[in-house]
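Protein chains: 2
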Amino acid sequence: VAIEKETPENERPETFLRESDGAAASMGDEHRSSLRARFERMIRETQDEVCAAIEAADGGGKFKEDVWSRPGGGGGISRVLQDGGVWEKAGVNVSVVYGMMPPEAYRAAKADAGSSSVKPGPIPFFAAGISSVLHPKNPFAPTLHFNYRYFETDAPKDAPGAPRQWWFGGGTDFTPAYIFEEDVKHFHTVQKQACDKFDHSFYPRFKKWCDDYFLITHRGERRGLGGIFFDDLNNYDQEMLLAFSTECAKSVVPAYIPVIERRKNTPFTEKNKAWQQLRRGRYVEFNLVYDRGTTFGLKTGGRIESILVSLPLTARWEYDHKPEDGSEEWKLLDACINPKEWI
Amino acid sequence: VAIEKETPENERPETFLRESDGAAASMGDEHRSSLRARFERMIRETQDEVCAAIEAADGGGKFKEDVWSRPGGGGGISRVLQDGGVWEKAGVNVSVVYGMMPPEAYRAAKADAGSSSVKPGPIPFFAAGISSVLHPKNPFAPTLHFNYRYFETDAPKDAPGAPRQWWFGGGTDFTPAYIFEEDVKHFHTVQKQACDKFDHSFYPRFKKWCDDYFLITHRGERRGLGGIFFDDLNNYDQEMLLAFSTECAKSVVPAYIPVIERRKNTPFTEKNKAWQQLRRGRYVEFNLVYDRGTTFGLKTGGRIESILVSLPLTARWEYDHKPEDGSEEWKLLDACINPKEWI
Numbered sequence: 001v002a003i004e005k006e007t008p009e010n011e012r013p014e015t016f017l018r019e020s021d022g023a024a025a026s027m028g029d030e031h032r033s034s035l036r037a038r039f040e041r042m043i044r045e046t047q048d049e050v051c052a053a054i055e056a057a058d059g060g061g062k063f064k065e066d067v068w069s070r071p072g073g074g075g076g077i078s079r080v081l082q083d084g085g086v087w088e089k090a091g092v093n094v095s096v097v098y099g100m101m102p103p104e105a106y107r108a109a110k111a112d113a114g115s116s117s118v119k120p121g122p123i124p125f126f127a128a129g130i131s132s133v134l135h136p137k138n139p140f141a142p143t144l145h146f147n148y149r150y151f152e153t154d155a156p157k158d159a160p161g162a163p164r165q166w167w168f169g170g171g172t173d174f175t176p177a178y179i180f181e182e183d184v185k186h187f188h189t190v191q192k193q194a195c196d197k198f199d200h201s202f203y204p205r206f207k208k209w210c211d212d213y214f215l216i217t218h219r220g221e222r223r224g225l226g227g228i229f230f231d232d233l234n235n236y237d238q239e240m241l242l243a244f245s246t247e248c249a250k251s252v253v254p255a256y257i258p259v260i261e262r263r264k265n266t267p268f269t270e271k272n273k274a275w276q277q278l279r280r281g282r283y284v285e286f287n288l289v290y291d292r293g294t295t296f297g298l299k300t301g302g303r304i305e306s307i308l309v310s311l312p313l314t315a316r317w318e319y320d321h322k323p324e325d326g327s328e329e330w331k332l333l334d335a336c337i338n339p340k341e342w343i
Numbered sequence: 001v002a003i004e005k006e007t008p009e010n011e012r013p014e015t016f017l018r019e020s021d022g023a024a025a026s027m028g029d030e031h032r033s034s035l036r037a038r039f040e041r042m043i044r045e046t047q048d049e050v051c052a053a054i055e056a057a058d059g060g061g062k063f064k065e066d067v068w069s070r071p072g073g074g075g076g077i078s079r080v081l082q083d084g085g086v087w088e089k090a091g092v093n094v095s096v097v098y099g100m101m102p103p104e105a106y107r108a109a110k111a112d113a114g115s116s117s118v119k120p121g122p123i124p125f126f127a128a129g130i131s132s133v134l135h136p137k138n139p140f141a142p143t144l145h146f147n148y149r150y151f152e153t154d155a156p157k158d159a160p161g162a163p164r165q166w167w168f169g170g171g172t173d174f175t176p177a178y179i180f181e182e183d184v185k186h187f188h189t190v191q192k193q194a195c196d197k198f199d200h201s202f203y204p205r206f207k208k209w210c211d212d213y214f215l216i217t218h219r220g221e222r223r224g225l226g227g228i229f230f231d232d233l234n235n236y237d238q239e240m241l242l243a244f245s246t247e248c249a250k251s252v253v254p255a256y257i258p259v260i261e262r263r264k265n266t267p268f269t270e271k272n273k274a275w276q277q278l279r280r281g282r283y284v285e286f287n288l289v290y291d292r293g294t295t296f297g298l299k300t301g302g303r304i305e306s307i308l309v310s311l312p313l314t315a316r317w318e319y320d321h322k323p324e325d326g327s328e329e330w331k332l333l334d335a336c337i338n339p340k341e342w343i
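Going line by line, the protein sequences match chains U and W.
Heads up: the first sequence begins at 1 in my numbering, then just goes up one per residue.
Heads up: the second sequence begins at 1 in my numbering, then just goes up one per residue.
I should point out that these hints are in silico values taken from the structure, not numbers from a laboratory.
Among the clues, some could well be false.
Any copy will do: because identical chains look the same in the list, a pair fits if it lies in one copy or spans two.
Stated by the list, open to error - Dumping the calculated DSS-like pairs for lysine-lysine here, alpha-carbon to alpha-carbon at most 25 Å:
{"#": "1", "residue 1": "Lys271", "residue 2": "Lys62"}
{"#": "2", "residue 1": "Lys340", "residue 2": "Lys192"}
{"#": "3", "residue 1": "Lys208", "residue 2": "Lys250"}
{"#": "4", "residue 1": "Lys62", "residue 2": "Lys208"}
{"#": "5", "residue 1": "Lys137", "residue 2": "Lys271"}
Sequences and hints are given; from them, build the entire structure.
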């Protein structure tokens, strides 16, 4: 998988889609309402909404915007607020990518595609997503990450009759350095409410998936207190999954901002700050060693500054640090090692 | 490849070798002078020597020592000095590992091993090494890394006549945040002198290997200003390579300490410190994403705190930071992007 080099743009285009995907205003309703077009609109609206809420709560910091495109179609908008009043680094990115994937990856995604006698060449794919990491300054205010993405393949050029594949992925997860039960319950309750509108099996399933995914294997601990995570989701109605992804994305602000408002001005000590910084080190370890989006992006030549905006402004590694048994720091670590049911 | 869990020890044993490798004092000269035994002695002497030089230059900080062993033989000594007068984090570790590797790895290491009609099972291997990363506080004082290791396989159990394989690897490299030509020249000159005692082709070849190895591929920049690096070296006389590794290890103190003495008290600004911290972020990126020793250690269940002692105490990631053209920061970055000949 390789992606072309990006070009900076001075203005946000109305869409990053190729004309054939419904980019032209003159196209009929059928194209303008394609899933690709509707997903792009959703993630761009979410970007605007989250950035507005962050700026309002920050009370001073402003997002800096970078727009970029790629020659063959696709592009993105990166927004970063750095050294604000409340957040030390907050990144909210949308991107639309057209690329080619090896047929092995396609077959892996769709078990019965290998049964055809046609040996396919590289498969064109489309991927659109919003990705965000929000790192506050105050050690009692949690880091939040969310990502919602839609993926679709075209039929291979030499097998035009082959079925298109599509899937949804995403999640929202919560990474405090200290546990306030009230905050964690609120966060998980909002996730569950979003899930329950669609399927009562979603929250328990996606909560566990999240605990499993964000494991720092070499430490046997998760980077945080979880939330929801799902990937390669295609065994439901496509419209339902679009609506579900939209609901999850719309839940970011109500899940997170009330917690930030409660914690952003809490007085703290140097010891609290050092512990937050150690947990930020764990965040770096997870993202650089395990996170699929990050490692995939680094290897395929994605826009480095957009990919690594997820890293905190500052992080810390102390040799063999062990929190005192029963301390507040120990409680957080324990919940990262042994995931809990919060609601 | 998998490694057993380590057990903490209260005392340093005389050797971490298995008895069959010359651990028992009662064994004859043949075993006591095995390459395994001599390499272990060399790296332990180097550890003592480097730690003494660091403590003397630090003028206050003391190394904390952790000794550990593994049930089937092998173990290590980790020494870490944290928050000293001069160094914010200095780790000097030795380890001796007995493990099993898949036969594919053995065949890859020795091209003609596949020609035998015997299909070998897992291969027992022995690996011993010293590994060190020294991160000073002052942004004008450079970070140093060095690592010297010796690797040997036993014959597979089901093919006792198969030849043993062995190789040496290692290197010493220099990572300042600011360039002082005098320092870089001194460092590289000491490396070249060590190489030239053995083979005049070594310095140019291992200097280039170092520039190639420490590349942060996703940024197109190296983590620092290089030095020497070599791996899988076995096409020279074994005694010569042991002497060469020993010479390189003995060159660490004269290559590094004079530079530290010159820079450890240089006055600096907050801007200098922030730039050092950004370069430390690059160090983290290289080690977690590319460094073979680190990624191998994380995946095989090595002792995490020993492996990750290479990470700096603190690091920083600013979104889209670009040093001003022609500035001192720009000069360092330029030399990381376009490696130079320093002598």
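The hints, checked one at a time:
no. : hint               : in the structure
1   : Lys271 with Lys62  : between (29 Å within a copy, 22 Å between copies)
2   : Lys340 with Lys192 : within (15 Å within a copy, 57 Å between copies)
3   : Lys208 with Lys250 : within (22 Å within a copy, 52 Å between copies)
4   : Lys62 with Lys208  : neither (35 Å within a copy, 44 Å between copies)
5   : Lys137 with Lys271 : both (14 Å within a copy, 20 Å between copies)
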